[in-house]
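Given next are the chains, with one letter for each unit.
Protein chains: 4
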Amino acid sequence: MFINIGIVGATGYAGEELIGILLKHPNVRISYLCAKIDKPKVISDIFPKFKGKIDLVCYQPDIKYTAGGESDLVFLALPHTVSMKFTPRLLSAGKRVIDLSADYRLKDASIYTQFYKTKHADRAHLKNAIYGLPELYRQDIKKARLIANPGCYPTCAILALAPLVATNSVDLNSIIIDAKSGVTGAGRKASIESFFSEINEDFKAYKVNAHQHMPEINQELSGLAGKKIKVVFVPHLLPLNRGILETIYVKKTQNTKRKTQNTVSLYKKFYKKEPFVRIRGEGDLPQLKDVTGTNFCDIGIVESKEGIIIVTTIDNLLKGASGQAVQNMNIMYGFPEYTALL
Amino acid sequence: MFINIGIVGATGYAGEELIGILLKHPNVRISYLCAKIDKPKVISDIFPKFKGKIDLVCYQPDIKYTAGGESDLVFLALPHTVSMKFTPRLLSAGKRVIDLSADYRLKDASIYTQFYKTKHADRAHLKNAIYGLPELYRQDIKKARLIANPGCYPTCAILALAPLVATNSVDLNSIIIDAKSGVTGAGRKASIESFFSEINEDFKAYKVNAHQHMPEINQELSGLAGKKIKVVFVPHLLPLNRGILETIYVKKTQNTKRKTQNTVSLYKKFYKKEPFVRIRGEGDLPQLKDVTGTNFCDIGIVESKEGIIIVTTIDNLLKGASGQAVQNMNIMYGFPEYTALL
Amino acid sequence: MFINIGIVGATGYAGEELIGILLKHPNVRISYLCAKIDKPKVISDIFPKFKGKIDLVCYQPDIKYTAGGESDLVFLALPHTVSMKFTPRLLSAGKRVIDLSADYRLKDASIYTQFYKTKHADRAHLKNAIYGLPELYRQDIKKARLIANPGCYPTCAILALAPLVATNSVDLNSIIIDAKSGVTGAGRKASIESFFSEINEDFKAYKVNAHQHMPEINQELSGLAGKKIKVVFVPHLLPLNRGILETIYVKKTQNTKRKTQNTVSLYKKFYKKEPFVRIRGEGDLPQLKDVTGTNFCDIGIVESKEGIIIVTTIDNLLKGASGQAVQNMNIMYGFPEYTALL
Amino acid sequence: MFINIGIVGATGYAGEELIGILLKHPNVRISYLCAKIDKPKVISDIFPKFKGKIDLVCYQPDIKYTAGGESDLVFLALPHTVSMKFTPRLLSAGKRVIDLSADYRLKDASIYTQFYKTKHADRAHLKNAIYGLPELYRQDIKKARLIANPGCYPTCAILALAPLVATNSVDLNSIIIDAKSGVTGAGRKASIESFFSEINEDFKAYKVNAHQHMPEINQELSGLAGKKIKVVFVPHLLPLNRGILETIYVKKTQNTKRKTQNTVSLYKKFYKKEPFVRIRGEGDLPQLKDVTGTNFCDIGIVESKEGIIIVTTIDNLLKGASGQAVQNMNIMYGFPEYTALL
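Residue numbers (this note's numbering), protein chains in the order written: chain Y, 1 to 342; chain V, 1 to 342; chain S, 1 to 342; chain Z, 1 to 342.
Simulated from the structure, these hints should not be mistaken for laboratory data.
Quick reminder that beta carbons are idealized off the backbone N, C-alpha and C, glycines included.
All the pointers check out, no bait thrown in.
Cut-off 16 angstroms, straight-line C-alpha distance, at most; resulting in silico cross-link-like pairs (EDC-like, lysine to aspartate or glutamate): (1) Y:273 with Y:135; (2) Z:251 with S:306; (3) Y:230 with V:306; (4) V:51 with S:274; (5) S:142 with S:72; (6) S:142 with S:337.
Taking beta-carbon pairs under 10 angstroms as the criterion, some of the chain Z residues facing chain V (in silico): (7) 182; (8) 183; (9) 186; (10) 188; (11) 195; (12) 242.
Given only the sequences and the hints, what does the whole structure look like? Please build it.
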């Protein structure tokens, strides 16, 4: 089987990464590229690393145009609030869509408005969008027309907490997520704040308990728990290119009698069949470089009498964005789930 | 007034930094340098940045020798367990000593043994050593013969928590310290783990709830509270040279009715006369570069209904080591406390 | 003696650095700050590291206004082409001016036009501006009204080559300058190209034989040689904050019989009385960190039968910009030349 | 076809990279791993990024043992001077060998002794070893038993200069190579000099005209020219993980009349059929990130009346080491040359 792929937003970090992955995929052909650029350009003139590998022209986006005329599937690697302008037309034209923005992730449109500062423009499709976290929604993804590809922080946090939350094994009101992300997480855009010398040799917390990924984490954990969960979420900016590491603190409930080994066992069992989640032995913690350049999510656990500390890490551009998007594509089209991702 | 200074361990990061600071100090003369080196060398041949500023020979250490014959004060910038071999002789010779290692910080020698894997070799002086955190012990420092200069993580954590702990304003069992440090915190020593390419573009947690600075934090906070406090402490390694930032989570007690403004006010009052502690306005958080290269500790506070998040940052080589050591020296000799530190 | 200082362009890297240096200067008071900002702000709200040290309001620039009403001296830390709009008015108002931009460096206005893509707007003052390289023009600087503070690459290159060029000791047609600069050299401005992730873990040559600092180098070397010199100049961008290192290749003329020792001797003699130029012994090469954070220019020499290789390094924000500007100020006002610079 | 592979020195940077590449190769099986470690360990416990991909035990090396009993081909990813102790036995046992060290690169054993400070211990095989630069020696590589895999700097320099040198188009006495390398080029080994904080935010030249890769470059260029060539070679250390960029300066001979376009054409023709050399258009220069993570060598050219400036870049661990080694393996076994390398 062989499918044609369109990428809208091909020149951002997620778009660039998608091209790189899909060039290694034996079952797809990139047939359409567009991005917000001055004039059409050959993509390998924009990214010389692709020279000799792909010669496709990258066009300027045209909302009126049904993007990627011959595409079977379109990846939207666009800023938040822009994707929802492209999606309806693409779906109408019969394309399947994987949206890497946040536009279809939050089921409650009023929360979307609160965190993204705009009204949702496509509620019709919002309600049918599938949250593209394969570990939780694989069956729904298979037949989805529209995938809301999860955010990078949420992918990392939800995978790290799902086994505990789904089994109601801890104090669900005690979850603290201290998250650290590399710079590509913010997307490729010009600003004084993201100038090299402003970030290099610096480190900071930002958007404390106000980051737009927090409601996404709360939504998914609440769904798993069957009751409302509200996490404390403090993201920090690391002076490096790629990778997220989250240190998560949860308290045990008084009646919890499980030992560390059991928590590790719980996680190993929960993710037994997952190709991209790796659980470490007790006290063995993953670090960023164990996953950068891969689609893996690595999880380590340290347990004490009072609580559990979970350290989890992904590559924000792969399992946190483009890798997961391709994993979703593989599921949607019945390709082996790891194709082009190992 | 004018004093002679000896530095034992002059070629480590703390020693190098001490030299740099003291060269700017109008009331001191560096009169003796030694370090674990192959043969005596002019210090500016070891650190060419000091060329034209200081020509002193750095000798090999000689325990039998009463270090720094004419020194009034000796800084020990040595690895843990080594300082306590030098200290007794120096004190006997009438020198005052500021020890930058951990050897005289923990009042309970059994805890020292537990975390530093050796018996304490100088309990006689341990009990009289003054913990050199000026914000808490300024009066004692003035007349001290032996200063135990605080650790970098503890300086940052204790200053961040002292106002809340001393006033018993929060749930003292709920303290979580998620700490991140630059690489110089580990000292200048060869190992595969600290090779450039192993740390660059990487990030990791280490010694989770097992770091040797944790009992130091517990000791000081317990002293302030008047009861035993045990924090959760997770240090992480940042791929940058200098600076510590700690994100601290505390829960309120149920009867706490204070608002954010009040917490900020509490801190501003607590540190009102301190030359090197700066409190930000509500929700305004410091970042590493606000303090790197300075002796300041900056503290920011975000308060919510459930708890308080404190973000605090210091330069680990200045307020976290050599800067604080000179601050202590200034206090001991009656120099203006900020001399050579602004 | 005590003077009042104005800084126009206070929020760029050079302006920020000027503030830091001048705060340590016992003979000056910063009395006026302005910069291209949205609205007037306290400077320590823009740079929190200055909190507790300076509270001055930074205003928006007003060309019509005679900048810094009470200033004796004004530093212009502005982009090229902007300084020449401020300078005439300041000089008319009796201020002395140190311009850190390139506007008054090139004596030939047509070359200025060629490299800066605009006509020179103030030729009247151009001809009287003094090129502020103290090692060559100290006497002129003393009484100057307008200093053209040298570029960072040229400071490094001219100091590295002056002894050879002034004595006509090498093949003057053979000079190749392979220059590498940290990122602050480009100024603080937003662009995709200077985004952290675009520069981190990358390295590149740029503006090969076309950089605007090349004619400045050619002008000064030609002046020293008494004949036209045209260097090959290839700048590169280093993924670090500050510092320039230049590796310079020159061929000997056939009749040159000098040995290495002689070249080093020549340099040591040439710079004997200079407070900020340090010459290394034969084969001992400086590296960036020997000078970062200092106003020094360090020079090392490797000589072989065929030619001489010179490695030279400065901190681009200090000896390459703000440090040198303050050195010039010290000369202009008769302060010890190293004041606030050691 | 399917072959078994042994890797001796599996835990260094080159070994780690080899494992990563070979895991993607459809025609090979890694059957033997050894390295200088404390005790045998599962390779994915040493490199957790390989968890779930390879479980092989990495053994300690045993010179007496014929390494990799069932291996058809053995990669030696060892320090210089160690490889030549393993090679004779492996060849005797009928294995083919690709040696990534320098031990079999220099045809003149006396030069080896001069630069590597030891006598060559296996001259018998030295004379039959093939220098594994496919662009020059592809036919010989096909049937080689022993490949001397080229050094990283030489790969970059020789590919950049071969078209000019082979056609005698420039002044062959004028070649200056200003080379800059990331830190992995020095191998994974502990030393104070390679400590993170010593390299981060620093930059330096080293081994000026004395680096052990210089005679390798001279040997190959001299062979191409048919006469003795001696380059000026100055390597520098970049504060980043991987990649080499070389800026090369050559003078034209007086009778050269070629224009830039012609030089670019010459290069494009010279490398027309090469899968891993990419020539840029006139004045379009490659940067490190165009090749990091790939096996490509990118070359850009700027030509002026006086001379030619060539900027060339490779990933030192791929085209400069392990990638090229696998390229050689592909040639030796008739696999498509790019297998596992795109």
